[in-house]
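Engineer: Sequence:
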Amino acid sequence: MSEFPFLLAMIVVPALGAAVVAALPPARAGLARLLALVISLLVLLLAVLATVAFDTAGPRFQLTTSVAWIPDFGVEFALGVDGIALAMLLLVGVLVPVVVLASWRDVAPGRRSMRTFWAWLLVLEATLVGVFAATDVFLFYVFFEAMLIPMYFLIGGFGGPNRQYAAVKFFLYSLLGGLVMLAAVIGLYVVSNSQLGEGTFAFDALRQLEIDPGVQKLLFAGFFIAFAIKAPLVPFHTWLPDSGAEAPIGGAVLLVGVLDKVGTFGFLRYCLPLFPDASRDLAPVVLVLAVVGILYAALVAMGQSDMKRLVSYTSIAHFGFIALGIFAFTTESVTGAVLYMVNHGIATGLLFLVVGMLITRGGSRRIADYGGVAAKAPMLAGAFLIAGLASLALPGTNSFVSEFLVLIGAFPVWPVFTILATAGIVLAALYVLLVYQRTMHGPPRGVLLVDDDPDQPAAVPPVPDGAGGATAVLTAPERTR
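When you read off a place in the sequence shown, starting at 1, and then add 2, the result is the number in this note's numbering.
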């Protein structure tokens, strides 16, 4: 079974599926979403089968596929996965069908058709698989840039009122980082040509290069800036609050849950193995950025009035913990960082989904427009609480083990940074519990809670613009039995 081209199939299936979905008539949006669900479930099945075929005692890269692409420049269409990449592929495989189901009844703005949404979603899935599975650095760069296109159209075409601004900002930030990385990729090719007699982009060959420390730092900077923008680390983070707030809920889940992981994945896959000396020398700088990001994002999150922006800032803090674990260079911290990448995708994805459900039923993103929701929607309130507790890594939730490993791994080598990062956990508890208390409990505030009888239509008065400019009403209360 290990000879089956799982990785190639995981790219080709959603790519072809996107073409089929896009070719459907606009009126067949229902068929388009059904095809999107079936195709995303097929990709999940392929990811599970690839995991079964993966041999933990085997070579580093497995399930490989390699085809000459641009032989004159040593470029190959080379795919393969190690344990980290396989975990990311499983995360992609799980979240995409969840997003399809969560967006099942979404309506496209204006005259757009939801079939376009489903098509771009499948294109995004194909590019995400490619970026995690590529073992040729140039191919990685191609997928790294290609995944910007579907996300740009998902945000710009199906997002909130300021979607165009957010989409352009996301695209320009990411494109700038990609161009800086391209310069570093070309630099690697030049170094390989001088040392090996011919240029190559093969990852295993590039790992064997003996690069001058000064050159290492320059090349490291090129990759690091691109990945720090994607992660995002402070001060490269400013695109995420806008994109996370304006993206459709499904797009936001994939943006924060998977696409941003490309940055931290890049640290592990490329920065550390290709530039070990530069990574070690510049680690204190990265750790300063990580800790500042943890504290800054937590403080800013406490002052947010928009629920989606608040969740976006929590993600910035979480990525600070992941970077802390990676650049502490201990077994425990790096293991915790990898687990954090997976657990963050699940926990924050759930938080965005719950917030999206609340916004859909309440009509507003403003925290101040909600209160007493738990009285009429206890299951929704419970899901919000579980997602919030997972976000702050409470013991018993999936995020706790990963955050704990990062802290105990980093403390022996960087105690000051670790103590400062721990303060971010306290701040996280404050903003998560405060927003839960304000929205789920207390007197009704800014929303009209309808009667328990679901068959009885509710009168929905408009909410004044000063209270959020939206019709804030829980239109389908859950019934307890």
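Hints may be right or wrong, so weigh each one.
To be verified - The following label-pair restraints were derived from C-beta to C-beta distances:
1) Val-418 - Val-40: 48 to 54 angstroms
2) Thr-337 - Val-14: 38 to 44 angstroms
3) Val-290 - Met-359: 19 to 25 angstroms
4) Thr-333 - Gly-60: 18 to 24 angstroms
5) Leu-18 - Arg-114: 18 to 24 angstroms
6) Met-359 - Leu-36: 17 to 23 angstroms
7) Leu-33 - Asp-214: 54 to 60 angstroms
To be verified - Straight-line distance between alpha carbons at most 16 angstroms, and here's what the computed EDC-like set of lysine to aspartate or glutamate pairs gives:
8) Lys-219 - Asp-279
9) Lys-219 - Glu-147
10) Lys-171 - Glu-147
Treat the hints as calculated values from the structure; they're not laboratory data. All residues carry an ideal CB built from backbone N, CA and C; glycine is no exception.
Engineer: So, for every hint listed, does it hold in this structure?
Structural biologist: Evaluated hints:
no., hint, in the structure
1, Val-418 - Val-40: 48 to 54 angstroms, "holds (52 angstroms)"
2, Thr-337 - Val-14: 38 to 44 angstroms, "violated (33 angstroms)"
3, Val-290 - Met-359: 19 to 25 angstroms, "violated (38 angstroms)"
4, Thr-333 - Gly-60: 18 to 24 angstroms, "holds (21 angstroms)"
5, Leu-18 - Arg-114: 18 to 24 angstroms, "holds (23 angstroms)"
6, Met-359 - Leu-36: 17 to 23 angstroms, "holds (22 angstroms)"
7, Leu-33 - Asp-214: 54 to 60 angstroms, "holds (58 angstroms)"
8, Lys-219 - Asp-279, "holds (8 angstroms)"
9, Lys-219 - Glu-147, "violated (23 angstroms)"
10, Lys-171 - Glu-147, "holds (15 angstroms)"
Violation of the numbered hints given earlier is confined to hints 2, 3, 9; the remaining hints are satisfied by the structure.
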